[in-house]
Amino acid sequence: MLPALWLQMPLLPLARPVPSRQWCKRWLLCAPLGAPMLAMTPLSAAHAQTAAGVPVQSSTPLLTRDDAQRTDPANPPPRPVFDKKLIDFAADEVVYDDAADVVTAKGNVFLRRGEQTVRASTVRWNRKTGQIIAQGNLRVVDAEGNELITEQMELSDDLALGMTHNMLMLMREGGRLAANEGRREADGRFVMTKAAYTGCDVVDEKGCSKSPTWKVTARSVVYDPKTKLVRFKGARLSLFGVSIVPLPNLTIATDGRALPGFLVPDARISANNGLEVASTYYARLAANRDLAITGYAFTKVQPMARVVYRALVDKGAYQMTGYLTRSTATSVSGGATSQQWRGYFDTNGHFQLSDKWSVDFSGRFASDRTFLRRYYINSDDTLRSTINLEHIDDKSYFSLSGWAFQTMRTTGTQGLVPIALPMLDYRRRLKDNWLGGTIELQANSLAISRSAGQNTQRAFTSAQWSLRKITPMGQIVTLTALARADAYHSSDNYLTSTEIYRGTAGWQGRVTATSAVDITWPFVGAALGGTQVLTPHIQIVSTAPTRNMAIPNEDARAIELEDTNIFALNRFPGYDRIEDGQRMTYGMEWQLERPRWRVNSTIAQSYRLSSEPTLLPQGTGLSDRMSDIVGRNEIRYRDFFKITHRYRLDHNNFSIRRVELDAAIGDDKTYAEVGYARLNRQITSGLEDLRDSNELRAAGRIALARYWSVFGSGVFDLSGNSLVAGTQISSFQPLRSRLGVSFQSDCFQFDVNWRRDYVTIGDAAKGSSFELRFSLRNLGFH
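Per mature numbering (1 follows the signal peptide of the UniProt record, and there is no 0): the sequence shown = residues -45 to -1, 1 to 737.
Calculated from the structure, these hints are not laboratory results. These numbers come from a predicted model, not from an experiment. Do not rely on the hints blindly, as some may be mistaken.
[What the hints assert, rightly or not] For lysine-lysine, the following DSSO-like pairs were computed, each having C-alpha atoms within a straight-line distance of at most 30 Å: (1) K270 with K255; (2) K350 with K255; (3) K149 with K181; (4) K188 with K161.
[Unchecked claim] Have a look at the derived ranges for each label pair, beta carbon to beta carbon: (5) V670 with N135: 50 to 58 Å; (6) N608 with S723: 42 to 50 Å; (7) N135 with D623: 20 to 28 Å; (8) P258 with L308: 52 to 60 Å; (9) V268 with Q412: 18 to 26 Å.
The beta carbon of each residue, even a glycine, is placed where N, CA and C say it ideally should be.
Could you put together the complete structure from these sequences and hints?
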């Protein structure tokens, strides 16, 4: 009997059982998950073997051992093209009855017509009636890769399926269909009665039988090979052995294509919207286009609709998503408004115009600042829209782009949010045949406009020469020279609240030049059973006095000294501010590598050689001649454990100005992640920069038994006195947290999620929400 037959009906054994060390019997055939229903198509070529010394004709000769040895592996012969009009076969023995005009093939019988194959122990062909009876460990594989297994079947002379009993079908896309009886109708359709279908495995890793997590039972199943569709009649879904819901008009495609229909609904309970039920209708518009329409019903607010459209075209792909509802919105200041249309639009795509030219775009827009949080779409504080035309080759790069932003923050004025259009960047790399090294040319322009703020236009060109050499003693020396010329124009500068960002209205220009020498000297040796590399690093940079304060500062406002930029030629982000003067930067990197282990540590500091006042403000770690100390430590054990520690120490008293700690341990099933960040920089108030903060993040998942797991995550604000100094914390404020339970098997997933938000923003009220989701493999449910 078939192992763990979930059909509750007798079925044929797949094969004879063989002895096993397990307590259950192992079957010779442990069929993998296949795809949707059987679609019989012609067979491909075959071989003929001799029976009782009498040669049997075949359309394709057998490949002998000598032929195989003469075959060139590097140039394999082309795949044969099989004639769909011919039926080729191979067998251990062929017997012909002259009187009855019957041909009987016995032993390892193999038939092929086009891409369809039949394997059986015995095949009997009545040449008068055209009837073919195949029996004994019978397997029929169609052109799509779907496999039918039974003990005996009647076939037509073109190998189309006929009558059979106790059949099992393995579908290419993953799934099993079994039936008590199957028969072929006159129109070519194949009808199965008392059928059952599942996308689950029915045997475990040991080959022992097991019951599937879910199955669909039906009075009858009709397969149409012309449309490649399987239609269920009287279908019901059973979960863990309990029949739970009827599935009228259930249809599956045997070629794996998506079919139109309703998906399983999602459910959520939240403080904002009450009970929420979402149901989606999926439509396949074409082979490369689809559409999903979702309706949301709530108990506390009016319904909402979502539409998702996707397309794959010759040059690329794109998608569009839109939400629309009508409800009462509450502004971030707390004032209620009347009923209004609210929604959100999101689109993105990529087009590869040629091997060098491409276009990317994305667009996001929301009707108000609380809509996304209110309906649990996302919690982004800024929506970015962009379009970018790129050209990339071996020696040059070109980009023409535009950017727009919409603020979702509770504080902030949309009129002060910039639109950057156009933004042009061109770079070209040349080889220096005179001194050696490389030359990189760059041209850049940017226009920034605001509806209620400062407007700025910028253009610059630069040339940078660099030469890298290795001395006989092993030092790596890099020489760099940079020259740049800028032109700026700005207006309405007084609308920028922070004075040091304004610049001088009208046309402004500047020219700057920078030279630098960078030396590293790696030392390699054995240590602690592994290999260590100790690399001292020193850099000297000199930049001519630069006209900075007359230039508007649009892209160099957030300044953060860290190990990744302390050796940069310009430690300001962006292009609008240039760090001038002379400085020396020094540091050390140590790396240890052992089997499975890796340790890395970096520390660095800089010293300003000139006594001129610095442009960098207090709190950045660069305002004094001696900079703060920055570093990074990292320990990794294979892919199981990793901890990263970044820090900035005050150069006067070594107090911690910034510390970040990220740790992760575990595998894909069970893991824990912890992140801690504390900023105590005492940066000058009024600057547009990150505020001092103290935040803890945690996430994890624990696998229970085989299929169950629990997971959770949280973000917590730690406030009060210095945590690093060991003083008492005055408060502990969660920002958001999430817990959940998940069941996930080979064919079924079920999730229950709890989420709590602790901050009210407009009509996105704080509170808890519960979400229920489940999916079934191969039934189109998520």
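Hints and how they fare:
The straight-line distance between the Cα atoms of K270 and K255 is roughly 45 Å, outside the 30 Å bound, and the hint therefore fails. At roughly 59 Å between alpha-carbon atoms, K350 and K255 are farther apart than 30 Å, so this suggested pair is violated. Our distance criterion of 30 Å between C-alpha atoms is met by K149 and K181, whose separation comes to about 23 Å. In summary, the hint linking K188 to K161 is not supported, as the alpha carbons are separated by about 35 Å, beyond the 30 Å threshold.
Separation of V670 from N135 is about 56 Å and conforms to the stated range, judged on CB atoms against 50 to 58 Å. Here the CB-CB span from N608 to S723 is close to 45 Å, well matched to the stated 42 to 50 Å. Here the CB-CB span from N135 to D623 is close to 41 Å, at odds with the stated 20 to 28 Å. The supplied range of 52 to 60 Å is broken by P258 and L308, whose beta-carbon atoms lie about 41 Å from each other.
Separation of V268 from Q412 is about 36 Å and departs from the stated range, judged on CB atoms against 18 to 26 Å.
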